[in-house]
Each structure stands twice: as C-alpha cells, then as structure tokens.
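**Student:** Sequence:
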Amino acid sequence: MLSFADGSRQGLWNLLIKADKIINIRNENYNHSMVKRINGAGLLIAPAFIDIHINGAGNADVADPDEDSFLKIGKALSSNGVSSYLPTTFYNLDKANAHLKRICDATGKIIGGSRILGLHLEGPFLNPDNKGGIPAHCIMPPDNDILQDILLKGCLKMMTIAPEVQGNAEMIRILRQNSIVASLGHTLGTYKSTKAAFRNGINVSAL
Numbered sequence: 000m001l002s003f004a005d006g007s008r009q010g011l012w013n014l015l016i017k018a019d020k021i022i023n024i025r026n027e028n029y030n031h032s033m034v035k036r037i038n039g040a041g042l043l044i045a046p047a048f049i050d051i052h053i054n055g056a057g058n059a060d061v062a063d064p065d066e067d068s069f070l071k072i073g074k075a076l077s078s079n080g081v082s083s084y085l086p087t088t089f090y091n092l093d094k095a096n097a098h099l100k101r102i103c104d105a106t107g108k109i110i111g112g113s114r115i116l117g118l119h120l121e122g123p124f125l126n127p128d129n130k131g132g133i134p135a136h137c138i139m140p141p142d143n144d145i146l147q148d149i150l151l152k153g154c155l156k157m158m159t160i161a162p163e164v165q166g167n168a169e170m171i172r173i174l175r176q177n178s179i180v181a182s183l184g185h186t187l188g189t190y191k192s193t194k195a196a197f198r199n200g201i202n203v204s205a206l
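The opening residue of the sequence shown carries number 0 in numbering that gives the first Met the number 0; numbering runs sequentially from there.
The hints are simulated quantities; they were obtained by calculation from the structure and are not laboratory data. There's no promise every hint is true.
Taking lysine-lysine pairs in the DSBU-like style, the calculated list, with each CA pair at most 35 Å apart, reads [stated by the list, open to error]:
hint, residue 1, residue 2
1, LYS100, LYS35
2, LYS94, LYS156
3, LYS71, LYS94
4, LYS74, LYS17
5, LYS17, LYS35
6, LYS191, LYS130
7, LYS17, LYS108
8, LYS130, LYS156
9, LYS130, LYS35
10, LYS71, LYS17
11, LYS35, LYS74
12, LYS152, LYS74
13, LYS130, LYS71
14, LYS194, LYS156
15, LYS94, LYS20
16, LYS35, LYS94
17, LYS194, LYS20
18, LYS94, LYS17
19, LYS191, LYS152
20, LYS108, LYS130
21, LYS152, LYS71
22, LYS152, LYS194
23, LYS20, LYS74
24, LYS35, LYS20
25, LYS191, LYS20
26, LYS74, LYS108
27, LYS20, LYS130
28, LYS20, LYS108
Model the full assembly from the supplied sequences, consistent with the hints where possible.
**Tutor:** Right under this line is the structure:
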C-alpha cells in the first residue's frame with residue numbers, strides 16, 4: 000500500500016529493486032523468471048534517515064579507539080532506519096586527535112549497515128560560557144592555523160560554531176568557502192548577532 004503526502008493510500012503495489020535501488024513502482028506483478036519475489040506484507044518501506052549530529056550509539060562513542068566502535072554504532076543506527084551519519088566529536092587542543100583520523104579513514108565506508116559521510120566537529124570555536132558537555136580544553140578562540148589543520152584532515156562536513164564570538168565571522172567565511180556547513184551551536188548570541196549570522200549563511204545544530 001502506498002501512502003501519499005495528502006494522507007491518501009492506494010492498494011497493493013510492487014517495487015522492482017535492482018542493485019540495491021528502487022527502479023520501478025507499479026500495481027502489477029512482475030512475471031519475469033529472473034525476478035526474486037519477497038513478500039513484504041506488514042512491513043514498511045520508507046526513506047532512510049541521515050543523522051548529522053550523533054556522538055555514539057550501541058554503547059560505543061565515535062571517539063572510542065576500539066576498532067569495533069563504528070561497527071557497533073552502524074548496527075545500532077541501521078536497525079533504527081539510519082542509513083548514514085556524521086560522527087560528531089571534539090577537537091582536542093592538547094592531544095594528537097587520533098580519533099579524527101579514524102573518522103576520516105572510515106569516511107565513505109558502510110560499516111554495520113550505515114555509511115559514514117564525514118566529520119561533524121563541535122568546536123573548537125564555541126562560546127565557553129555555554130559549553131554544555133564539551134570539555135574546556137576542546138574550546139578556544141578563533142584561530143586560522145587550527146582551522147586549516149582541521150580542513151587538511153579532509154573529511155570535515157559540518158562544524159558547530161558560536162557566531163557571536165569575535166573572529167568567528169571569518170571562520171564561517173572560510174568554512175563556507177570550503178563547502179563546509181557552519182552550524183550555530185553552544186552560543187549565547189543575541190537576536191541581532193544571530194540574525195546577522197543567518198544572513199552570512201550559518202545553519203543551526205544546537206543552542
């Protein structure tokens with residue numbers, strides 16, 4: 000049965016799937032001898048979710064050094080309809096950031112049934128007065144050298160940033176110039192400063 004945006008539903012339909020993609024939908028049977036039939040009665044077929052802000056799942060953290068961490072996370076996500084995700088973590092100012100390299104090395108791979116799309120970094124250019132659960136040593140004022148180090152890792156897709164912090168307008172400009180999503184979060188920005196940030200192309204991940 001197909002459900003439409005207007006709330007209506009129509010009969011029993013057949014999906015033709017080839018190479019893991021739906022290539023046709025129709026309300027007639029496929030009688031070709033090479034077609035493998037699967038009875039989907041009582042099951043649901045829907046677009047998969049993409050999780051753009053997740054620190055971990057399945058009793059594993061994206062920053063865990065455990066080789067099986069992405070497998071545990073992928074299995075937990077795929078079992079709940081998430082086909083792909085952005086591992087979300089921090090930039091450690093006083094460590095080697097080996098966890099970021101692991102994420103970059105895994106980018107593009109399907110592990111545990113869910114594809115890793117790249118890195119979502121929370122910080123380090125956040126408002127320290129609204130750090131939430133982010134460690135203080137993972138927050139710093141805007142620094143172009145640090146940003147370039149992050150960009151050179153090659154898998155950054157999104158960065159949570161506090162636009163009201165002096166100097167972050169330039170950080171946002173560089174992110175957008177490199178096709179990275181700048182996303183407002185861990186901020187104490189005023190209505191005026193936040194509205195200006197939206198005009199400059201920032202998105203929202205968390206307050």
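**Student:** Tell me, in ascending order, the numbers of any earlier hints that this structure violates.
**Tutor:** Result: hints 1, 9, 15, 16, 17, 18, 25 and 27 break, sorted rising.
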